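Engineer: As a plain string of letters, each chain reads:
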Amino acid sequence: MKQEYTEIESPALLDNVKEMKEDGYRLVQICCTRVPDGYELTYSFDKEYNFCHLRLTVPESGWVMSITSLYWSAFIYENEMHDLFGLDVRHIANDVDYKGTFYRLSEKAPWHTPPKKPAPPVRPQAKQPPVSKAAPAGEAVKTTAKAEEGAKEHG
Amino acid sequence: MAETTVIPFGPQHPVLPEPVHIDLEMQDEKVLRAIPSIGYVHRGLEKLVEKRDYQKFVYVAERICGICSFGHGWGYCRAVEGAMHIDVPPRAKYLRTIWHELSRIHSHLLWLGLMADAMGFENLFMSSWRMREKILDIFEETTGGRIIFSVCKIGGVRRDMEKDTLNSIVDRLTDMEAELRVITDEFLKEPTVIRRMSGVGVLSREDAIELCCVGPVARASGVVGDMRLIDTEGAYQDLSFEPCVATEGDCLARCKVRIAELFQSIGLIRQAVEKVPDGEIAALVRGNPKEEFFTRIEQPRGEAIYYVKGNGTKFLDRMRVRTPTNANIPALVRALQGCDYADVPMLVVTIDPCISCTER
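Top to bottom, those sequences are chains A and B.
FYI, in this note's numbering the residues of the first sequence are 7 to 161.
FYI, in this note's numbering the residues of the second sequence are 13 to 372.
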């Protein structure tokens, strides 16, 4: 399946969506993904099995314009983005703007936190032989020197 | 001018198998406006992908829904396979197609039962579910599970089916076909059933297109759209079939489409069993997904979208499912406007709402 994303800027969203609507495309879905610097939104459309996507990135403190004026059925996805991710979606059609009550959740915007990359696995350290506290540093050097002499004899 | 009252419908209602709430603004017996709200059983499964190994997440994806569980597992696997450029062996594609079509029969029979129950036709309800049991028996024999199979994995399938088993499935479906005709004729020819459903909850073709409907709801309004026609990840390109379409757009048309799809699925399974190739049932999977991928699949209720975004580790950044019910709720809201209060339960059932899918 073709995977092409047309990158657009947030202010141009409505114009781009309007073009899709006029071309006879159907809104398939809107996907919100939390990225470290905000939200990545993917608007998917379909016309005669031609599947294409518009993509824009919204900063964390930013907002996005609703497309319910063009695709009324987008209210499902926009209310979901607002309720789960805490994204500010403005001017949702009055009759379907739930203002945070579409999903009845105990926690506000539970998916607001970006995914944390798991830490790399920590390898267990090899056990060190216990070093006696009483042994002075000089003795340890001597021991090493003796061991070297022994190795030469064997060699 | 009669006074407007608001009647809450659900989340607990005899006709609803799952909790959804609709506020009905009524004037006398007519519905002026319907305002749905969900969230009673929201589980946050999409978020869980950040904490589960992407290979083990197939088990979670299957649990999105108990009726189209195989389809959800398959859809997720397809998205990950696309992101990792894995070529699934042809035999696995055929086996997946057979199980998926069996799931469609099981789902539509379940819906027919619920529909009969919503109309108060208890005998037909029990007959439909009796037939469904036979499909569940096939699942149990071939996968070990009746509802959740866990037979689909990334790269292929876990279990193979012998030639004898495949032939026995076709034989049993052929036997079922005659019994199915008796049940479905009750829906299509019984005058009381026709009078109850005909002309109720009409959704025009223009409305279906404007509201971006999918699946049998869209096809019953004359919108020809079936993702299986362009599906290259299953065996559908080797099988011949035409989408089942009706033009009336009412409750009876939705019923007709689903009944036609029952027999269509039996035909598809028969063709697939004849053509199933020999070979491996799974491809080797190495590494972790780094890319993103969108895929779509024709579930029993309509087109479902699966999206994954990998980051090179075994945990995905994002998994998204857009289920068919998500796309059909706006159509339900539109169809409810202007209908009689007594028709509301039946109308809600005709879009085959799956709330556990919607609240994944």
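It should be emphasised that the hints constitute simulated quantities derived from the structure, not laboratory data.
As the structure is a prediction and not an experimental result, all values here were calculated from the model.
Virtual Cβ for every residue (Gly too), placed ideally from N, Cα, C.
Keep in mind that a hint or two might mislead.
[To be verified] Which residues of chain B face chain A? A few of them, derived with a C-beta cut under 8 angstroms, are:
(1) Cys224
(2) Pro342
(3) Tyr353
[Claimed, not checked] Within a straight-line C-alpha distance of at most 20 angstroms, the following computed EDC-like cross-link-like pairs (lysine to aspartate or glutamate) qualify:
(4) A:Lys53 <-> B:Glu286
(5) B:Lys63 <-> B:Glu303
(6) B:Lys175 <-> B:Glu286
(7) B:Lys59 <-> A:Glu66
(8) A:Lys122 <-> B:Glu286
(9) B:Lys146 <-> B:Glu191
(10) B:Lys146 <-> B:Glu189
(11) A:Lys53 <-> A:Asp21
(12) A:Lys53 <-> B:Asp219
(13) B:Lys42 <-> B:Glu15
(14) A:Lys24 <-> B:Asp176
(15) A:Lys105 <-> B:Asp35
(16) A:Lys114 <-> B:Asp149
(17) B:Lys59 <-> A:Asp43
(18) B:Lys287 <-> B:Glu191
(19) B:Lys302 <-> A:Glu46
(20) B:Lys146 <-> B:Glu202
(21) B:Lys175 <-> B:Asp149
(22) B:Lys165 <-> B:Glu15
(23) A:Lys27 <-> B:Glu58
(24) A:Lys114 <-> A:Asp94
(25) A:Lys27 <-> A:Glu54
(26) A:Lys53 <-> B:Glu218
(27) A:Lys27 <-> B:Glu218
(28) B:Lys59 <-> A:Glu113
(29) A:Lys122 <-> B:Glu58
(30) B:Lys287 <-> B:Glu254
(31) B:Lys42 <-> A:Asp101
(32) A:Lys24 <-> B:Asp219
(33) A:Lys53 <-> B:Glu30
(34) B:Lys68 <-> B:Glu58
(35) A:Lys27 <-> B:Glu303
(36) B:Lys59 <-> A:Glu46
(37) A:Lys24 <-> B:Glu218
(38) A:Lys122 <-> B:Asp219
(39) A:Lys122 <-> B:Glu62
Engineer: Look at each hint and say if it fits the structure.
Structural biologist: Do the hints match the structure? See the list:
1. Hint status for Cys224 of chain B: holds, given a least beta-carbon distance of 5 angstroms to chain A, under 8 angstroms.
2. Interface hint at Pro342 of chain B: satisfied, since its Cβ lies 4 angstroms from the closest Cβ of chain A, which is below the 8 angstroms cut-off.
3. For Tyr353 of chain B, the suggested interface contact is broken, since its CB lies about 20 angstroms from the closest CB of chain A, more than 8 angstroms.
4. For a cut-off of 20 angstroms, the pair hint linking Lys53 of chain A to Glu286 of chain B is broken: about 33 angstroms separates their Cα positions.
5. Taking the CA atoms of Lys63 of chain B and Glu303 of chain B, the gap is about 18 angstroms. The hint holds against a cut of 20 angstroms.
6. Between Lys175 of chain B and Glu286 of chain B the CA atoms are separated by roughly 10 angstroms; this keeps the pair inside 20 angstroms, and the hint holds.
7. Between Lys59 of chain B and Glu66 of chain A the CA atoms are separated by roughly 19 angstroms; this keeps the pair inside 20 angstroms, and the hint holds.
8. Proximity of Lys122 of chain A to Glu286 of chain B is assessed by CA-CA distance (about 48 angstroms); at most 20 angstroms being required, the pair is judged violated.
9. For the suggested pair Lys146 of chain B and Glu191 of chain B, the alpha carbons sit about 12 angstroms apart, so the restraint of at most 20 angstroms is met.
10. Restraint check for Lys146 of chain B and Glu189 of chain B: satisfied, since their Cα atoms lie roughly 12 angstroms apart, inside the 20 angstroms limit.
11. Pair hint Lys53 of chain A plus Asp21 of chain A holds up; C-alpha atoms about 18 angstroms apart against a cutoff of 20 angstroms.
12. Between Lys53 of chain A and Asp219 of chain B the alpha-carbon distance is near 16 angstroms, which keeps this suggested pair within the 20 angstroms criterion.
13. Straight-line distance between C-alpha atoms of Lys42 of chain B and Glu15 of chain B comes to about 12 angstroms, which keeps the hinted pair within the 20 angstroms bound.
14. As the CA atoms of Lys24 of chain A and Asp176 of chain B are separated by approximately 55 angstroms, the hinted pair breaks the 20 angstroms bound.
15. For a cut-off of 20 angstroms, the pair hint linking Lys105 of chain A to Asp35 of chain B stands: about 16 angstroms separates their Cα positions.
16. The suggested pairing of Lys114 of chain A with Asp149 of chain B is violated, with an alpha-carbon distance near 43 angstroms, which exceeds 20 angstroms.
17. Pair hint Lys59 of chain B plus Asp43 of chain A holds up; C-alpha atoms about 18 angstroms apart against a cutoff of 20 angstroms.
18. A C-alpha spacing of about 26 angstroms is found between Lys287 of chain B and Glu191 of chain B, which places the hinted pair above 20 angstroms, so the restraint is violated.
19. For a cut-off of 20 angstroms, the pair hint linking Lys302 of chain B to Glu46 of chain A stands: about 17 angstroms separates their Cα positions.
20. Taking the CA atoms of Lys146 of chain B and Glu202 of chain B, the gap is about 25 angstroms. The hint is violated against a cut of 20 angstroms.
21. The straight-line distance between the Cα atoms of Lys175 of chain B and Asp149 of chain B is roughly 18 angstroms, inside the 20 angstroms bound, and the hint therefore holds.
22. For a cut-off of 20 angstroms, the pair hint linking Lys165 of chain B to Glu15 of chain B is broken: about 57 angstroms separates their Cα positions.
23. A C-alpha spacing of about 29 angstroms is found between Lys27 of chain A and Glu58 of chain B, which places the hinted pair above 20 angstroms, so the restraint is violated.
24. Among the hinted pairs, Lys114 of chain A with Asp94 of chain A is consistent with the structure: their alpha-carbon atoms are about 13 angstroms apart, no more than 20 angstroms.
25. Proposed proximity of Lys27 of chain A and Glu54 of chain A is supported: the alpha carbons are some 14 angstroms apart, at most 20 angstroms.
26. A C-alpha spacing of about 15 angstroms is found between Lys53 of chain A and Glu218 of chain B, which places the hinted pair at or below 20 angstroms, so the restraint holds.
27. Using a Cα cut-off of 20 angstroms, the hinted pair Lys27 of chain A and Glu218 of chain B holds, with the two alpha carbons roughly 14 angstroms apart.
28. The straight-line distance between the Cα atoms of Lys59 of chain B and Glu113 of chain A is roughly 14 angstroms, inside the 20 angstroms bound, and the hint therefore holds.
29. Restraint check: the Cα-Cα separation between Lys122 of chain A and Glu58 of chain B comes to about 15 angstroms, which is no more than 20 angstroms; the hinted pair holds.
30. A distance of roughly 19 angstroms separates the Cα atoms of Lys287 of chain B and Glu254 of chain B; the hinted pair therefore holds under the 20 angstroms criterion.
31. Distance hint between Lys42 of chain B and Asp101 of chain A is fulfilled; the C-alpha atoms sit about 19 angstroms from each other, no more than 20 angstroms.
32. About 18 angstroms separates the Cα atoms of Lys24 of chain A and Asp219 of chain B, which keeps this hinted pair within 20 angstroms; it holds.
33. This hinted pair does not check out: Lys53 of chain A and Glu30 of chain B have alpha carbons roughly 33 angstroms apart, beyond 20 angstroms.
34. Using a Cα cut-off of 20 angstroms, the hinted pair Lys68 of chain B and Glu58 of chain B holds, with the two alpha carbons roughly 14 angstroms apart.
35. The straight-line distance between the Cα atoms of Lys27 of chain A and Glu303 of chain B is roughly 29 angstroms, outside the 20 angstroms bound, and the hint therefore fails.
36. For the hint linking Lys59 of chain B to Glu46 of chain A, the alpha-carbon distance of about 15 angstroms falls within 20 angstroms, and the restraint holds.
37. Note on Lys24 of chain A and Glu218 of chain B: the hinted pairing holds, with a Cα-Cα distance of about 18 angstroms set against a maximum of 20 angstroms.
38. Distance hint between Lys122 of chain A and Asp219 of chain B is unfulfilled; the C-alpha atoms sit about 42 angstroms from each other, more than 20 angstroms.
39. This hinted pair checks out: Lys122 of chain A and Glu62 of chain B have alpha carbons roughly 8 angstroms apart, not beyond 20 angstroms.
Comparing the model with each earlier hint shows violations of hints 3, 4, 8, 14, 16, 18, 20, 22, 23, 33, 35, 38; every other hint is respected.
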